[in-house]
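Enquirer: Heads up: the protein sequence lines correspond to chains A and B, in order.
End of the first sequence = 964 in the numbering used here, gap-free, step of one.
End of the second sequence = 1655 in the numbering used here, gap-free, step of one.
For the record, the hints were derived by calculation from the structure and aren't laboratory data.
Here the structure is a predicted model, which means the values were calculated and not measured.
Glycine included, C-beta positions come from ideal geometry on N, C-alpha and C.
Just to be clear, a hint being listed does not mean it is correct.
Stated by the list, open to error - Pairwise CB distance ranges (calculated):
#1 K1570/B - G742/A: 55 to 65 Å
#2 D1395/B - G742/A: 48 to 58 Å
#3 K1650/B - T886/A: 35 to 45 Å
Claimed, not checked - Which chain A residues face chain B? A few, computed with CB under 10 Å, are given here:
#4 E687
#5 G714
#6 L717
#7 D783
#8 A874
#9 S898
#10 R939
#11 F944
#12 H947
#13 A950
#14 R955
#15 A958
#16 R959
As the list claims (entries may be wrong) - Straight-line Cα separation of at most 35 Å, DSBU-like style, residue types lysine-lysine; simulated pairs:
#17 K865/A - K1303/B
#18 K867/A - K1472/B
#19 K1320/B - K867/A
#20 K1472/B - K880/B
#21 K1271/B - K1436/B
#22 K865/A - K1628/B
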Amino acid sequence: MIPAAFEYHRPKDMAGVLAVLVEHGDEARVLAGGHSLIPMMKLRMADVPHLIDLQDVDGLSGITVDGGRVRIGAMTTQSDIIGHAALAEAAPIMREASLQIADPQVRYMGTVGGNVANGDPGNDMPGLMQCLDATFILVGPDGEREVQARDFYEAAYMTDREDDEVLLAVAFDAPSGGYAYEKQKRKIGDYATAAAAVLLEKNGDTCSAASIAMTNLSDTPVWSEAAGNALVGTSVDAAAIDAAVAAMLGDIDPTQDNRGPIEFKRHAAAMILRRAIARAWDRA
Amino acid sequence: MNKELSREERADALSGMGCKRKRVEDARFTQGKGNYVDDIKLPGMLFGDFVRSPYAHARIKSINTDAAMALDGVVAVLTAADLAPLGLHWMPTLAGDKQMVLADGKVLFQGQEVAYVVAKDRYIAADAVELVEVEYEELDVIVDPFASLESDVVLREDLVAEDGSLPDGAHGPRKHHNHIFTWEVGDKETTEQVIGDAEVVAEDMFYYHRTHPCPLETCGCVASMDKVNGKLTLYGTFQAPHAIRTVVSLISGIEEHNIRVISPDIGGGFGNKVGAYPGYVCSVVASIVTGVPVKWVEDRMENLMTTAFARDYWMKGKIAATKEGKITGLWCHTTADHGGFDACADPTKFPAGFMNICTGSYDIPVAYLAVDGVYTNKAPGGVSYRCSFRVTEAVYFIERMIEVLAIELNMDPAELRRINFIKKEQFPYKSALGWEYDSGDYHTAWDKALEAVDYKGLRAEQAQRVEDFKAGKTRSLMGIGLTFFTEIVGAGPVKNCDILGLGMFDSCEIRIHPTGSAIARLGTISQGQGHATTFAQILATEIGLPADSITIEEGDTDTAPYGLGTYGSRSTPVAGAATAMAGRKIRAKAQMIAAYLLEVHDDDVEFDVDRFVVKGAPEKFKTMKEIAFAAYNQAIPGIEPGLEAVSYYDPPNMTYPFGAYVCVMDIDVDTGVTDIRRFYALDDCGTRINPMIIEGQIHGGLTEALAVALGQEIAYDDMGNVKTGTLMDFFLPTAWEVPNYETDHTVTPSPHHPIGAKGVGESPHVGGVPCFSNAVNDAFKAFGLRHTHMPHDHWRIWQTANKLGLHG
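Given these sequences and hints, build the entire structure.
Expert: Right, dumping it as structure tokens:
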């Protein structure tokens, strides 16, 4: 658990960050909360000759809720999210999910940006961002660009972010209706055995809109459009839930690990989704 | 003038036995001021790190250290070839086997030590490890002990004679080249006959999976050879510093007076720090070679993968009973997976530890136990993780066996236990497998426990839950875990207990200072048990000086008397007894001094809390403080000056703590998630020295039991790769996973121990593991489950439910 030697950079502004990134390309990585990157470096599984600490760069953290649009700076910690009253009002699913990430000590350091940008399929925020249909704002040498969370993830640790780009913020429209983030894990601090993010809108007795995303059940987060569609236009009765679960199971591709064999993971995913739908519908 | 204190007030002022004295250690631990091995920094100190094998079984074709040696700051790279001329490329194990210090031609488990890099700082050492080039030729890997005994693959060529024959091992003949020993206890013929003729027989196989003690602080040492005076100082995380000194002397040839072993603060041991590891040998050699201190501290992955696992026992059992449930015989055959070397930490004559305590708390007339030790391509170890030698395995076996028998008899398992308990009047009780239980009152403890939890009410609630489940009203089942355990701790009598020929006595030396304070040194070493607190309490009561005026010191072999260390709940039963006995020697001399000062005959004074008083005239007295001063300033005819004593205590018997545990658990059948709703633990550890420390021990031991029962394991894949090498996958519970524990007690003192204490640190682990496991098994009993193996993590519970058809 001793990392290889690396150069430590601590720029004061984004221009400084980008300068190091442009100079060193894929030999440089930015450091946010460090909970994924630093263990990987200590295990010598990540080779990072140039580490760029973002903590002195102004303007990367903070939450704004403005006219139904939520924007969360990349360096905003999970602890900040949990404690933000306006966000809890606008998008309570963010608070519910953040409370299920690791433990308070980790949440004081862990950031939204690190969680979504690292591309770790075990992280909770990527699936949640897909569920919310969030937009990621990236900055690079050529300026800012936006990419949808649903288009961002390519494979485990592989994303649409270029080596010389930095995630600035995530933004999404405050959801309406019912919500639930349901997660099964072996213990505090563990990645999900299966997790589901569900947003449901209700019009009378009918589901008018649904968004469903699953975590740690493939090498990327899985936004299951088909699962959502299975609920829209229904009263979210047993048959509709069965259809949604079946659709979700068609979209995930879990692997066997210490959390259990594939068959169990599929079963757990189904159970977790059923519970998330029930809770979200109850709140809708 | 001060008001004369009452007898009770004087006793309270001592903070002696029975009071909830706050731990004196905690001031430094809670402020981060402890002094652990990795805190030791010596001038010019170098750092060691290991090149480890990525393969579980491979021949080493070549090792090239040139690139590593060329790295700036690298001082040395040791391989077996460098150690061989010193005869140190192999070392003896505590189990009578030998173990490679550095890979000698082949490796036998993943993570095995191949080369030892010494560098000027820790980072350079880690970089150099990557530069050592090792060429391996992979060999067939065996991770299953049953397959190992059938395999043509020879794991230990060093243990096969040139003509292909198998020389005897340390424990007798070997049946196969991968077989280590067979150990048999009891009456095989009669037991098998009783089972053959029995009205009812229950039979099952119980696998107690491989796990690891995983102390918060990993293993490590700092070796410092002073070439001028020829003295070696070895700081380390040693649970038995004196034994380590002797072992180092025997292995290295350095005379024992020239070796000083120091165990500083230790961050938990749980058996992991009993053995001797290659890191110690390499560090000592490196310090001798370089002439400067060398530090080696393993990281978490190295700790989990290489130093001293626990358990890995396959226990096949048969139990015979009458139709009424009276047990008539017990049979057990265990296949023990010891990994690549037999490095179990057991007393010499007990290759499977005290597994023969497996008749448990029950009056079983005849029994037979056989254990076969087997080599596989896994890490060596086999230590007693928070238990006396293999006692957790034994208790798990009998407490699962009882549950399976209850199913066979269609009888309530609480009642089955009750009718088979050894009765109070049967103590001292001689067990069928050779132990003499010192004292017990099992029925009283059991009744108290069952009443406390409203056992009948719980069973009624459970029956209703099963009905609701069958009716589709709930997807949750309820398990009631019962355990009644008897431990065997306090090893042990020198006549049958030794480690490497060293008798398992222990010791205490006391010096009373002129002003009435004292220092006591012991042969044990606290790893968190709170010895500095509790041993001072024993002495306070024995010698009448306040506990706050008594310093307890352990762990420095240059100053402490010889002892065998701390593990197997032996500190209180053995060193605690030595402390009381040394205290009584102090008191005996104090009595003579008091009599002289009071101008009466020795027999005319008696001890009274903190003083000696003239019999019948309590106003005439000398306090222990006054007596202490007199010992240093009075010329007393016939009495030497000073007030000191030393005691080496050879216990006449082991002690046998016991307890009654009940766990109430809800299980989500669909996800396999368990929720411990209630845990009640009644412990009887004999005389209680510090109830607060006992409660802390119970909480800690139960938490480690919960870990083992519900998920903690060292798992291997078929290639011998460790799958659980980090705390992400190796389950270490946090406050979140831990339920509220209710503790309770009865007190049945040990009749042979000077203060009647039996030891408690391991009871909750020994009793807790089967209790949690029984709860899981019990939840599914109504649906036909007899037994399912630990660890009961989510997917395995789901699998159990699935096999029982509970997922529709």
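Enquirer: Report the numbers of all earlier hints that the structure fails to satisfy, in ascending order.
Expert: When the structure is compared with the hints, numbers 1, 4, 5, 6, 9, 15, 16, 18, 21 turn out to be violated.
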